[in-house]
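K.L.:
Sequence:
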Amino acid sequence: MKNAFLTFERWATFSAMLAACAMLAVASALGMFQILMRFVFEQPAEWTEVLIRFSLIWMVFLAIPAAFRQGAMVSVDVLYRWSPPRIRRVLDWVVALAALALIGVIIWWGWDYAQRGGVQSMAGLESVSMFWAYLAMPVGGLFCVVGIIGNLIDPLRMELETAQ
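Position one of the sequence shown corresponds to residue 12 (our numbering), numbered consecutively onward.
Because the hints were derived from the structure by calculation, they are not lab data.
Because the structure is a prediction, the values reported are computed rather than measured.
Each residue gets a CB set at the ideal place from its N, CA and C atoms; glycine is no exception.
Do not rely on the hints blindly, as some may be mistaken.
[To be verified] Cβ-Cβ distance ranges computed for the label pairs, FRET-style: (1) Phe44 / Pro95: 21 to 31 Å; (2) Phe52 / Gln131: 29 to 39 Å; (3) Leu113 / Asp165: 18 to 28 Å; (4) Glu53 / Arg21: 45 to 55 Å; (5) Val61 / Trp119: 24 to 34 Å.
Taking the hints into account, I'd like the entire structure generated from these sequences.
P.N.:
Set out below in structure tokens:
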């Protein structure tokens with residue numbers, strides 16, 4: 012069961028990171044397009060600014076799960092280093108439960124916010140609902156839950172290994 016979940020977690024975190032990288036590429040390409048249209052052709056495309064903003068929001072919420080999986084988000088380094096192994100495991104659980112509580116709030120209110128924003132349209136893209144922009148919070152939160160549980164089951168502690 013543990014191996015099956017960790018396999019699923021690796022796939023989910025990889026997929027979320029791949030999508031986050033794609034969102035960064037989209038934002039970069041749209042930024043270059045906007046510069047070209049504004050300063051070369053003197054015909055600015057106002058819709059690109061909106062899409063850049065929302066692709067960056069999606070990028071952040073899809074990249075956070077990888078940070079949770081590596082144990083790089085919530086850290087109690089000094090206390091962890093000075094503690095015996097049993098206390099370290101208790102700290103792992105406390106940090107994981109606190110992170111899950113925070114992500115639970117983000118998922119709950121993010122979904123509510125997305126539903127409420129569904130009646131709005133994006134400025135510059137009136138045919139697209141704001142629902143799709145706000146959906147980044149609950150979707151990223153669900154990926155985070157998988158990453159947090161994966162880190163609890165199989166801690167990587169990459170930030171502790173490289174710390175000075």
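K.L.:
Take the hints in turn and mark each one as holding or not.
P.N.:
For each hint, the structure was consulted:
no. : hint                        : result
1   : Phe44 / Pro95: 21 to 31 Å   : violated (56 Å)
2   : Phe52 / Gln131: 29 to 39 Å  : holds (30 Å)
3   : Leu113 / Asp165: 18 to 28 Å : holds (21 Å)
4   : Glu53 / Arg21: 45 to 55 Å   : holds (48 Å)
5   : Val61 / Trp119: 24 to 34 Å  : holds (26 Å)
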